[in-house]
Structure formats: structure tokens, C-alpha cells
Amino acid sequence: MNPRPSLIVRWEELHVSAQVAVAFVVATLVLWAIHILLLNQPLGRGFVYGLFWAVPVTAIVVLATRTERARRIGAGGERGE
369 MNPRPSLIVR WEELHVSAQV AVAFVVATLV LWAIHILLLN QPLGRGFVYG
419 LFWAVPVTAI VVLATRTERA RRIGAGGERG E
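Numbering of the sequence shown is given in our numbering, commencing with residue 369 and proceeding in unit increments.
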């Protein structure tokens, strides 16, 4: 099996609070841009919607990261197998 990319390894090794902080900021900015550019929302409202939807997106990203890492450790160890 191919080894995992170094960016994924570093992401999975971050503490949960760091993952939450990074994912929340990135999700907020991406969702804000989506609401502004694609949904034609005003700047303020788009930012509020970005903050609102960043909460569940952050939870999904962090939980998926933890679940996949736990599955891989249980299946083949930390070597990326």
C-alpha cells in the first residue's frame, strides 16, 4: 500500500484542539466565500452564515480524521498500511 502523504500525517498528529482551530478558520473562510460569491449574500450575512455552517463542518472534519486514524491503526498499524 502507498505511504500516506506527509501533510496528512502531520494533520493527524495534531492535537484535537489544534485541528478544531485550523478546521474552523478554514471552513469559515471557505463558506463565507461560497455565500458571497455563489449565493450572492451581503458581506455581513455571508460571514454569519459562514460561522454558523463552519461549526458542523469542523465537527465532521475532526471526527472523520479521528475515525480514519483509529481505523487504520486498528487495521494495519501506524506505518500507513
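Hints in this document: simulated from the structure, not taken from any laboratory.
Remember, predicted model here, so these are calculated numbers, not experimental data.
It is possible that some hints are incorrect.
Unchecked claim - Distance windows between CB atoms, simulated:
| # | residue 1 | residue 2 | range |
| --- | --- | --- | --- |
| 1 | Pro-371 | Leu-407 | 20 to 28 angstroms |
| 2 | Gly-442 | Gly-412 | 40 to 48 angstroms |
| 3 | Ile-441 | Leu-407 | 21 to 29 angstroms |
| 4 | Asn-408 | Arg-372 | 19 to 27 angstroms |
| 5 | Val-393 | Arg-413 | 16 to 24 angstroms |
C-beta: ideal position from N, C-alpha, C; glycine also.
Failing hints, ascending?
-> Going through the list in order, the structure violates hints 1, 3, 4 and respects the others.
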